[in-house]
Each structure stands twice: as C-alpha cells, then as structure tokens.
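Peer 1: Chains as they are written, first to last, in numbering that gives the first Met the number 0: chain Z, 0 to 138; chain Y, 0 to 329.
Heads up, a few of these hints could be off.
Calculated Cβ distances over 12 angstroms to all of chain Y for the following chain Z residues [to be verified]:
1. Arg45
2. Asp74
3. Ala95
Partner residues aside, some chain Z positions facing chain Y, computed with beta carbon under 8 angstroms [said to hold, decoys possible]:
4. Gly27
5. Gly40
6. Pro41
7. Leu42
8. Glu46
9. Gly57
10. Ala105
11. Lys106
12. Glu116
13. Gln138
Pairwise CB distance ranges, derived in the manner of DEER restraints [what the hints assert, rightly or not]:
14. Z/Ala43 - Y/Gly38: 47 to 55 angstroms
15. Z/Arg22 - Y/Ser49: 38 to 46 angstroms
16. Y/His185 - Z/Gly38: 49 to 57 angstroms
Honestly, the hints are just simulated from the structure, not real lab data. Every residue, glycine too, gets a C-beta built ideally from N, C-alpha and C.
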Amino acid sequence: MTGAVVYFSSASENTTRFVESCRFDELGIATYRIPLRTGDGPLAVREPYVLIVPTYGGGVVAKAVPPQVKRFLNDPDNREWIRGVIASGNTNFGEAYAAAGRIVSAKCKVPLLFTFELMGTPEDVRKTREGLARFFTQQ
Amino acid sequence: MAPITVPRKPLKLIDRVSAINWNKLEDEKDLEVWDRLTGNFWLPEKVPVSNDIPSWQAMSEEEHTLTMRVFTGLTLLDTIQGTVGAVSLIPDALTPHEEAVYTNIAFMESVHAKSYSSIFSTLCSSEQIDAAFAWSEENEFLQKKAQIVLDYYEGDSPLKRKVASTLLESFLFYSGFYLPMYFSSHAKLTNTADVIRLIIRDEAVHGYYIGYKYQRGLELVGDAKREELREYTYDLLNELYDNEVEYTESLYDGVGLTEDVEKFLRYNGNKALMNLGYPALFPAEICDVNPAIIASLSPNADENHDFFSGSGSSYVMGKAEETDDEDWDF
C-alpha cells in the first residue's frame with residue numbers, strides 16, 4: 000500500500016489513542032508522529048500521507064491548528080505529500096468543531112475526509128480503517 | 000424534602016502556599032487551558048435574551064414549566080460545581096497552576112448558575128421562578144444525582160473526585176442541555192440557546208482538563224489501583240446513567256421527547272469516558288442523536304465530513320477560514 004498517516008497528539012494523547020486503535024500497521028500503512036516539543040527535531044515525510052490533526056483553541060477558530068502541525072506543513076517538502084486530512088474535535092465547540100481539518104484542507108487544497116470526537120468511538124475507528132485502506136488504493 | 004446539606008466535614012484546604020510562578024511551568028497543559036478559559040470568558044448580560052420574549056410568550060404552559068424545571072436542575076449542578084466541586088479539587092492539584100485553573104473553573108460555574116437566573120428574570124414571573132426552585136428540591140432524581148456527586152467530593156480519594164467531577168461536567172448536564180438545543184432547532188428561544196452554547200463550550204474545556212489531570216494522576220498509582228479506578232468509573236457512570244434515565248422520564252415524558260434525550264445522554268456518556276481516557280461504553284446504534292440537535296450544537300458536524308461512508312463521488316474541500324496567517328509560510 001502506498002500511503003502513510005502523519006498525526007499530532009498533545010499530552011492528552013487522545014489522537015494517539017485513536018491512531019493506536021486503528022492498527023494501521025496491519026494495513027501496511029506507516030504512521031509518523033509530529034513531535035510535541037521543538038527540541039525533538041523536525042519530522043520529514045517523503046511519501047503520500049493523510050494527516051490526522053486534533054483541533055486546538057477551545058472554540059477559537061484562529062487557534063485551531065496546533066503550532067507543531069503548522070511548523071510541519073510549513074516545510075514545502077512535507078506539504079508536497081499530503082493527500083487528505085482527518086480532524087478531531089468536540090461538537091461542544093460549535094462552529095469551531097474540527098476546524099483544524101477545514102483550515103488544513105483549504106490551505107493545502109486536499110479533501111477533509113473524516114471528523115471524529117476526542118479519541119474516537121469504535122465506529123469512528125472502523126470507518127477510518129476501511130476508508131483509508133480504500134482511499135490509498137484509489138490514489 | 001430538605002435541601003442537601005454539605006459538606007459533612009470541613010473541606011481540607013491546601014497545607015502550604017508558595018507564590019505562583021507562571022514562567023516556570025511543570026505541565027504546559029495548565030497554561031494552555033488557562034488561556035483557553037480566560038479567552039472564552041463571557042457574561043450572560045452580553046446575550047440579548049430579551050429578544051426571546053415574543054418566542055417565550057408563544058410557547059405553551061407545559062413548555063414553560065419544562066424549561067424552568069430543566070434550567071433549575073442545571074442551576075443546581077452549576078452551584079454544586081462552583082461552590083463544592085471545582086473547589087474540592089484544589090487541595091489535590093499536582094501543580095500551583097492547576098490550582099489556579101480550578102479557581103477559574105469554579106468562578107465560571109458560578110457565572111453559569113447566575114445565567115439561568117438572568118434568563119428567568121427576563122422571561123418569567125416570580126411565581127413561576129419560585130415554583131421551579133421548589134420543584135428542584137422535591138424531584139428525587141435530581142436530588143439523587145446531586146447527592147451521588149457530593150458524596151465523592153467529600154470522600155478521601157482525589158482520583159475518584161476527578162472522575163465524579165468529569166462525569167458531572169461531561170455527562171450530567173446533558174439531560175438539561177438537550178432542551179434549549181431542541182427549542183433552538185425549532186426556532187424557539189434562540190438567544191437563550193446562545194447562552195447555553197457558551198456554557199456547553201466551557202463545560203467541554205472543564206471536562207477535558209479534569210479528565211486530563213485524572214489521567215496524569217493515574218500514572219502515579221499501581222496497576223491494581225488503576226484497574227479498580229477503571230471499574231469504579233464505569234460503575235459510577237452506569238449508576239448515574241440509570242438515574243438520568245429516570246430524571247429524563249420525569250421531565251420529558253409529557254412532551255414525548257424521552258427517547259430522543261436518552262440518545263443524547265449516551266452520546267455524551269461516551270464523550271465523558273473519553274475525557275477520562277477510557278473507550279466509549281454505549282454502541283453507536285443507540286447513540287444516534289437527532290441530527291437537528293447535533294446541528295444545533297455544531298453546524299459543521301454534518302455528514303459532509305464523512306467521505307468514507309458516502310458514495311465516494313465527492314469530498315469536501317475546506318473553505319478559507321480565518322486563521323493567524325503569520326504562522327503559515329505559504
């Protein structure tokens with residue numbers, strides 16, 4: 000399979016839990032984590048990937064994309080390989096729900112494939128696994 | 000029924016205080032959440048609830064009674080969280096910044112509690128208000144949920160207190176939050192719904208943060224204790240859920256909305272567990288919340304963002320959104 004998942008997770012580890020539940024390795028999909036701290040050195044990805052990004056900002060759309068994810072996407076060599084985005088959030092934040100996904104989609108001109116809340120339900124995990132397997136086959 | 004008496008033993012305050020230094024953070028989440036909470040600060044006076052007067056006057060007496068009972072129930076929970084719940088977490092804090100965040104949470108819960116009074120004074124007569132508060136002291140299910148949570152706040156387990164607190168923030172409010180979202184989806188009391196949306200937004204940050212601190216606390220205990228707390232969490236959610244179902248029936252049977260509210264309860268019960276780091280309990284097929292309610296909460300949470308289960312013919316491209324562009328190089 001030609002496709003990878005790049006994700007970011009804060010210290011809450013919600014997105015990490017979601018990614019772990021998806022068991023992407025079984026599908027032949029590699030996973031890369033964007034480092035939490037700048038001191039950890041930048042991540043470089045040079046293969047097609049879907050970004051899984053949590054929404055920050057507590058309801059403030061302008062602050063929705065985590066700074067670490069912006070740094071990663073600001074590298075044109077990383078940006079070249081993004082094929083889609085999946086975003087998490089919380090419907091409690093109203094208009095800002097999963098706003099990070101819409102912003103990245105607009106900025107990078109890739110589709111917003113899916114949204115889920117917090118660490119995702121088993122249903123979200125199933126949909127993402129099946130959906131991404133199909134998506135990468137069609138690429 | 001007499002009002003609930005609390006606390007049975009005096010609240011233990013912290014043993015010592017050092018000046019808080021926000022330039023030396025032990026957990027960056029503290030500052031991140033402080034910034035979110037202070038950035039989201041609001042007061043009910045900012046929302047023109049008086050524009051709802053014509054809408055309120057067009058509603059039936061049964062709808063009036065239901066609304067006031069629901070809001071009085073929410074007021075009770077906010078009062079508990081503001082004066083007991085969030086305050087009881089302070090002595091257990093692992094960092095001085097965590098203590099400061101709890102003081103913010105406590106204050107905002109008091110703002111929430113006052114918001115309902117502000118809505119009441121705009122829309123209702125003093126007789127109606129008195130009757131609703133009298134009802135809140137007589138409803139056994141409302142009193143029971145208050146008592147269950149208060150018992151844990153007074154107990155001696157810091158981690159169980161956080162579980163109870165997260166379940167209050169992320170689960171117990173939602174039998175009440177359903178109603179203004181429902182009315183708003185029918186173009187009724189839309190300004191009132193705006194106040195409730197601000198409260199809902201705050202509660203999400205509160206539940207997230209207390210749940211996060213619970214998980215940090217879990218890292219400091221052994222496997223056996225961790226397993227005990229996991230079981231305790233699911234047991235407490237089940238106990239509260241059973242009571243919520245009865246509370247919901249006591250409120251919504253008359254208007255035929257009970258089943259719809261129960262789906263919303265289960266949906267939020269799952270989210271409360273996730274805030275505590277645990278997997279969802281209720282399966283998707285019994286959490287199929289009325290799409291009008293979800294849309295009322297979040298206009299962007301629609302099927303368009305599920306490319307995977309769609310026909311696959313098209314997917315959504317995000318529209319240009321307001322963002323802080325200086326952080327983006329392209």
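Peer 1: So, for every hint listed, does it hold in this structure?
Peer 2: Outcome of the hint check:
1. Arg45: Answer for Z/Arg45: holds, closest chain Y Cβ roughly 18 angstroms.
2. Asp74: Z/Asp74 is in fact no farther than 12 angstroms from some Cβ atom of chain Y, at 9 angstroms.
3. Ala95: 8 angstroms, violated
4. Gly27: Since chain Y brings no Cβ nearer than about 18 angstroms to Z/Gly27, farther than 8 angstroms, the hint is violated.
5. Gly40: Not OK, violated: Z/Gly40 not within 8 angstroms of chain Y, min 19 angstroms.
6. Pro41: The hint is violated - Z/Pro41 has no Cβ within 8 angstroms of chain Y, the shortest such distance being about 13 angstroms.
7. Leu42: 16 angstroms, violated
8. Glu46: 20 angstroms, violated
9. Gly57: Because about 3 angstroms separates Z/Gly57 from the closest Cβ in chain Y, which is inside the 8 angstroms limit, the hint holds.
10. Ala105: Check passed: Cβ of Z/Ala105 comes within 4 angstroms of chain Y, closer than 8 angstroms.
11. Lys106: Z/Lys106 check passes; min Cβ-Cβ to chain Y is 7 angstroms, inside 8 angstroms.
12. Glu116: Result: holds, 6 angstroms to nearest chain Y Cβ.
13. Gln138: It is violated, given that the least Cβ distance between Z/Gln138 and chain Y is near 13 angstroms, above 8 angstroms.
14. Z/Ala43 - Y/Gly38: 47 to 55 angstroms: 33 angstroms, violated
15. Z/Arg22 - Y/Ser49: 38 to 46 angstroms: Given about 54 angstroms between the Cβ atoms, the range is violated.
16. Y/His185 - Z/Gly38: 49 to 57 angstroms: 53 angstroms, holds
The earlier numbered hints that this structure contradicts are 2, 3, 4, 5, 6, 7, 8, 13, 14, 15.
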